[in-house]
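Number of protein chains: 2
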Amino acid sequence: MTAGAAEFHQRLKAVADDVETALSALLGSAPLPGETLRPARLLNAVRYSSLGGGKRLRPFLTMETARLFGADGEGALRAACAIEMIHCYSLVHDDLPALDDDDLRRGRPTTHKAYDEATAVLAGDALLTYAFDVLADAKTDPDPAVRAELVLGLARAAGFGGMIGGQVLDLEAEQSTAPHEAEAVIRLQSMKTGALLHVAVMAGAVMGRATLAAREALSTYGAALGAAFQVADDILDVEADEVALGKRAGKDAGRNKATLVAALGLEAARERRDRLAAEAVAALDRFPQGADAHVLKEAARFAASRTS
Amino acid sequence: MTAGAAEFHQRLKAVADDVETALSALLGSAPLPGETLRPARLLNAVRYSSLGGGKRLRPFLTMETARLFGADGEGALRAACAIEMIHCYSLVHDDLPALDDDDLRRGRPTTHKAYDEATAVLAGDALLTYAFDVLADAKTDPDPAVRAELVLGLARAAGFGGMIGGQVLDLEAEQSTAPHEAEAVIRLQSMKTGALLHVAVMAGAVMGRATLAAREALSTYGAALGAAFQVADDILDVEADEVALGKRAGKDAGRNKATLVAALGLEAARERRDRLAAEAVAALDRFPQGADAHVLKEAARFAASRTS
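As given, the protein sequences belong to chains A and B, one line each in that order.
If you count the first sequence from 1, position 136 lands on 136 in the working numbering, and the numbers rise without skipping.
If you count the second sequence from 1, position 52 lands on 52 in the working numbering, and the numbers rise without skipping.
The shape of chain A in the complex, shown without the other chains:
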C-alpha cells in the first residue's frame, strides 16, 4: 500500500468513527422540540438500519470535500450523516421482499428480517424524513441559504429523477428478458448509485462555499467517481465470493440485472472503470486547493479498485 492509500484508509476510518458517534447521538431517544416521542421499537429499527456498519464512503466524501475549504466541522458532519441516512434508508427499502428480497446485508439480517416488514418500511421512511430535518436545522449551518441548498440538492439526487428513479429502472431491467444496452445501464447507474455519491461531494462544496470553478471540478470528480464505483461493483459481483461480500454473489447474472459487465463484457468494463477513476483524479488536478485533494484522489482509486 502506498503512503497515499494508507492515509486515505486512515481518514476513511476516522470519518466512519465520527459518523457512527454523530449518527448515534442524532438517533437518541430524547424527542426534539416539535416531536412528541420516538417510539422505542421504531428507533431501535432505525438505529439497527444505520449504525454499526458500512464504509461510510458518502459521508467521507462530504467531509473530505468540506476539508478542502476548512469547513469539515460539526455542521459538515451533520450533513454527512444526513446523506448516510438516505443511503441507509434506500438499502432498507431495497432489501424488502417486494423489491430485492435480501435476507442479509453486511453479513447481518436485513431490517425486515431482524424486525418485520412493516417496521422496515417505516424505519426507512423515518430515516429519509429525518435526513431533511437534520439538514434544515440551524445546527448544520448558520446560513439558511446553505441549508436550503443542501436540502434541495439531496432531495433532487435522491428523488424520482435520481436514486429512486434508478431503482425503478433497475427493477424494470431485471424483469425484462432483453439484453441491456450499455447507454441505458450507464444512465440507470448514474441515477441509482451515482447521484447520491455526486451530491455527497457537492454537499461538501456547499458547506465550504466553494467557488463556481471549484464546484465544477468537484462535480466532474463526483460524477466520475460515482460511475467508477458502480462499474467496480458490477465487476466485483462477477469476481467475489459470498463470504467476502456478505451477500449472495453472482446473483446479478442469474437475474438479468442491468450491469455493465453484461452490457460491455468484463474487459471493457474494467477499462471503463480505470478510465473513470483517472478522470476523477484528473478533475482535481486543476483544483486550487491541491494540497489536500490527494486524499480525494485516493478515494477515486479506492472506489474503482475495492474488493468488497
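For the record, the hints were derived by calculation from the structure and aren't laboratory data.
Worth double-checking, as some hints may not be accurate.
Identical chains share a label here; the pair holds if one copy fits it or two copies do between them.
To be verified - With a cut-off of at most 25 Å between alpha-carbon atoms, the simulated SDA-like pairs for lysine to any residue come out as follows:
(1) 139 - 215
(2) 139 - 211
(3) 257 - 40
(4) 139 - 220
(5) 257 - 285
(6) 257 - 115
(7) 139 - 275
(8) 113 - 102
(9) 257 - 43
(10) 55 - 186
(11) 113 - 69
(12) 257 - 37
(13) 113 - 99
(14) 113 - 174
(15) 13 - 57
(16) 113 - 3
Fit chain B to the known structure of chain A by using the hints.
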C-alpha cells in the same frame, strides 16, 4: 347549511382544484435541473397516488392560513402541495400488505393493487422526497430562512417523533390485546394525524410571516382541529357504512385499533370532539385578522362534524 359553511365548502373546493392543477404540474414528466429522467411507470404511480381525490384539507389549511396574511399565492400553493405529498405518501405506505393491507382507498384500488408492491414502496418514497424538494426550491419563497423553516417543520411533524412514530404506535396497539388508555390514544393520534394537520396550519403562518402571538393562536387552533378531526374519524368508523367511506367500515373495533371511542365510549368521544372544535374556534377569536378567520373556524367545525 349556514352561509359560513357554504363559503367554507366553496373555498375548500377552490383550493382542491388549485392543488390538483399544481400537483399535476409539479409531477410532470420533464426532469428538473439535477434530475436525469422521471421513469414513466414510477411517475404514473406517483400521480395515481396523489391526483384525483381527497378533500385536500391539509393544503386548504395552509392556503387559508396564509390568506389571513395575504400570502396565499403560488409559493403557499407549493408548500400546500408539499404537505399533501406527505399525506399521500403516508396513505400509500400505510395501505401496503405489511401494514394496514387495504385494497381500496377512496373507492379506488390502492397503489400497490393498481401497480405492484415494489412500485408502491418507491412511489411513496418519491412523494416523500419530492415534498422537501418543492419546499427547498426558491420558487416556494425568495427567503431561504422561510424555506428552511418549512422543511424543518414538515420533517419534524412527519418524522419518527410525529406521524411515522404515530403509525408505529398504532400498529403496536393493534397487535396488543390490552384495552387502550385514553391518554395513550390521544398521544398516538396527536402524532399520527394531528402533527401533519398542525404543521399544515403553521406552514401558512410561516409563509405569512405571522407574529409570535398569531403563531401561538394558530398553533392552538391547529392542535385542537387535528385532535377533533381524529376523534371524528373514530366516531365515523362506528357510524358509517362501507359505501359512504369507500373503505371497510367497522374494521377498527374488529382489530383492537386504538380509538377514542373504544377508550372513552361513544358519548364521551362525541363530547370531546365538540369541545375540541369549540377550542379551535375560540383560539381564532383572539386572532388579530379576524375578518378572514371565519373560514378557518368553519374548517374546525367541519373537521369535527364530517360524515365522510
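So, going through the hints one by one against the coordinates:
| no. | hint | in the structure |
| --- | --- | --- |
| 1 | 139 - 215 | both (24 Å within a copy, 23 Å between copies) |
| 2 | 139 - 211 | both (23 Å within a copy, 24 Å between copies) |
| 3 | 257 - 40 | between (37 Å within a copy, 20 Å between copies) |
| 4 | 139 - 220 | neither (29 Å within a copy, 27 Å between copies) |
| 5 | 257 - 285 | neither (35 Å within a copy, 62 Å between copies) |
| 6 | 257 - 115 | between (28 Å within a copy, 21 Å between copies) |
| 7 | 139 - 275 | neither (40 Å within a copy, 39 Å between copies) |
| 8 | 113 - 102 | both (9 Å within a copy, 23 Å between copies) |
| 9 | 257 - 43 | between (33 Å within a copy, 22 Å between copies) |
| 10 | 55 - 186 | within (24 Å within a copy, 42 Å between copies) |
| 11 | 113 - 69 | neither (42 Å within a copy, 50 Å between copies) |
| 12 | 257 - 37 | between (41 Å within a copy, 20 Å between copies) |
| 13 | 113 - 99 | both (14 Å within a copy, 15 Å between copies) |
| 14 | 113 - 174 | both (23 Å within a copy, 21 Å between copies) |
| 15 | 13 - 57 | within (10 Å within a copy, 49 Å between copies) |
| 16 | 113 - 3 | neither (41 Å within a copy, 56 Å between copies) |
The structure fails hints 4, 5, 7, 11 and 16 (numbered hints given earlier, in ascending order).
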